[in-house]
Amino acid sequence: MASVVLIINAGSSSLKFSLYRSQNNSDFELYSKGLLEGIGSGPHLKITDRQDKIIHEKKWTDGQYAKLDARDELLDQVLKWLFDFIKKDRILAIGHRVVHGGMKYYRPVVIDQKIYSYLDSLTPFVPLHQPASLAPMKVIMDKYPDITQVACFDTAFHATMPDKAKRFALPRKYYDSGLRRYGFHGLSYHYIVHYLQKNKSPLIKGKIVVAHLGNGSSVAAINKGKSIDTSMSFTPLDGLVMGTRTGQIDPNVVLYMTREEKRSPDEIEDIIWKQSGLLGVSEVSSDMRGLIHEIAQNGPKSKFAKQALDLFIYKLIGEIGRLIVCLKGIDGLIFTAGIGAHATYVRSVVCQTLSWLGIEIDEQANKDGNELISTSESNIKVYTIPTNEEFIILKEIQQLLSNSKQRA
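For the sequence shown, my numbering assigns the number 1 to the initial residue and increments by one for each residue that follows.
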């Protein structure tokens with residue numbers, strides 16, 4: 001009987017999962033993966049095998065599940081199919097990407113009701129993310145209580161940041177009650193560090209800036225494999241311009257909306273999380289590919305799209321510069337996630353703008369999507385490395401269960 005580990009990465013309107021299988025509980029290989037998207041509108045499930053061949057697909061078109069409150073029932077249907085698919089195997093554990101671990105959890109943890117309740121209490125910190133992270137966990141706790149579940153935290157990697165990088169200049173009581181800079185995308189940054197270690201890169205002992213660029217974007221300063229600062233802070237709203245999120249803004253903008261426009265907290269939350277960023281500025285798309293296509297097709301007529309793209313890159317370069325100062329130098333710059341791995345133009349402009357640092361990019365290597373995109377003469381190595389958060393969750397589960405077995 002083989003063992004399987006199921007990795008779940010849940011978003012507000014989607015759920016990604018990966019199934020890993022092993023005959024000896026150690027050498028796990030990707031067995032299948034799936035995506036449930038359109039939760040709250042028109043749900044669509046697609047599951048593929050390791051060769052990306054579709055093995056199961058379903059669309060819900062009758063409107064029965066066209067509400068977010070149908071999430072639990074949808075998840076239950078997905079789990080039933082998965083458990084039937086692996087019925088001859090033993091489920092070793094189910095791992096979850098959890099956005100926030102709060103002040104308490106910096107390492108993976110086996111979930112019980114007490115821990116679940118604590119994580120649920122963090123919902124006011126990240127109201128658009130934490131409930132989505134916890135929803136699959138709750139369904140499994142209720143219907144399959146004997147299955148071991150492990151929470152792995154996006155905030156954990158940044159626990160090594162010094163105190164000065166974690167604080168806001170607020171009265172001390174706020175820091176003590178949890179209002180501090182946590183940082184996010186930690187599982188992605190952890191993977192980049194793992195990748196450098198595995199490939200024996202000299203950068204693992206150096207100073208690097210990693211740019212995780214996607215619908216949600218952030219950058220992190222990493223020294224000798226440890227996070228020392230990052231652009232996101234109390235929530236995943238802060239920092240860079242993102243698909244629909246503002247990134248860093250003057251807090252008084254929110255007070256202005258409250259006082260002058262008489263907007264409610266819910267209205268403001270919707271504006272700064274879902275109507276802003278690339279979408280808000282361009283009035284075209286929240287997707288970088290859509291903006292670049294719009295500019296290529298319409299040129300000068302795409303003024304708003306160009307403004308959004310320029311703003312995204314401008315803020316990104318500025319934050320990279322800040323982190324280089326925090327590091328007191330830089331040995332490597334790494335691009336990852338959807339935009340980071342695929343937006344040739346963004347990488348090119350960023351590197352050209354930072355050429356005064358000694359960065360020299362190989363434009364053909366960049367266009368071809370090579371891993372190393374800097375020239376041999378460049379003082380700073382520049383890489384494009386796809387991230388793999390699910391792999392890190394798998395490794396964290398293996399380590400946690402191994403340690404528990406040794407203690408027993």
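Quick caveat, the hints were computed from the structure, so don't treat them as lab data. A few of these clues could be false.
Unchecked claim - For lysine-lysine, the following DSBU-like pairs were computed, each having C-alpha atoms within a straight-line distance of at most 35 angstroms: (1) Lys226 / Lys80; (2) Lys200 / Lys143; (3) Lys16 / Lys173; (4) Lys164 / Lys143; (5) Lys315 / Lys207; (6) Lys33 / Lys46; (7) Lys104 / Lys328; (8) Lys80 / Lys59; (9) Lys395 / Lys143; (10) Lys104 / Lys301; (11) Lys301 / Lys328; (12) Lys262 / Lys226; (13) Lys87 / Lys143; (14) Lys166 / Lys207; (15) Lys381 / Lys306; (16) Lys301 / Lys274; (17) Lys173 / Lys138; (18) Lys46 / Lys80; (19) Lys328 / Lys114; (20) Lys224 / Lys381; (21) Lys58 / Lys46; (22) Lys200 / Lys381; (23) Lys381 / Lys226; (24) Lys198 / Lys306.
Q | Violated constraints from the hint list, given by number and in increasing order | A | Numbers 1, 2, 3, 4, 10, 11, 12, 19, 24, in rising order.
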